Amino acid sequence: MSDTPLPAPLAEIAEDFRSASNDLKLQLLLEFSDELPGLPERYAGHLDQLERVDECQSPLFLTVEVADGTSLEDRVVSLFFDAPAEAPTTRGFAGILHEGLDGLSAAEVLAVPDDAPMRFGLAEAVSPLRMRGMVAMLGRIKRQVRAKTSG
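Numbering (my numbering), first residue to last: 7 to 157.
For the record, the hints were derived by calculation from the structure and aren't laboratory data. Since we're looking at a predicted model, the values are computed, not measured. Mixed in with the good hints, there may be bad ones.
[Claimed, not checked] Capping the alpha-carbon separation at 16 Å, the derived lysine to aspartate or glutamate pairs in EDC-like fashion look like this:
#1 K148 x E71
#2 K154 x E61
#3 K148 x E114
[As the list claims (entries may be wrong)] What follows is a set of in silico ranges between Cβ atoms, one per label pair, in the way DEER data are often shown:
#4 S27 x G75: 38 to 48 Å
#5 D121 x E41: 21 to 31 Å
#6 T10 x E92: 30 to 40 Å
The beta carbon of each residue, even a glycine, is placed where N, CA and C say it ideally should be.
Start from the sequences, fold in the hints, and give me the full structure.
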């Protein structure tokens, strides 16, 4: 694993998960699933405007908005996810990334190490296939931020 620090909100969540038992990790994941905000009206019913993350076992769609600004440090990132209620693990991963990254600057999001999902200690609680889905979500988020800030 890299030793690049996580942004404070994500580091705090990672610490909560790392210090929890496997049963508690799954409970925390369910809480993040329940707390994942729904899509705003402009995206509701318009999944064609979102990117599907094929690596996820359940249909998960996401998109990123980046506010205007003069530098990556002052361009705020907003994340939007759509995942079915019957996919609590996938929704939980999306919830973690939403809670940990939404509202950060583009520079902070791009600095998140690609192995960040492995720092939550979730690999003992969920399958490697599911972990690959979370890694893929982070990769898509970073790619969209790069694309929307390289204008």
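Hint-by-hint comparison with the structure:
| no. | hint | verdict |
| --- | --- | --- |
| 1 | K148 x E71 | holds, 11 Å |
| 2 | K154 x E61 | violated, 22 Å |
| 3 | K148 x E114 | holds, 10 Å |
| 4 | S27 x G75: 38 to 48 Å | holds, 42 Å |
| 5 | D121 x E41: 21 to 31 Å | holds, 24 Å |
| 6 | T10 x E92: 30 to 40 Å | holds, 35 Å |
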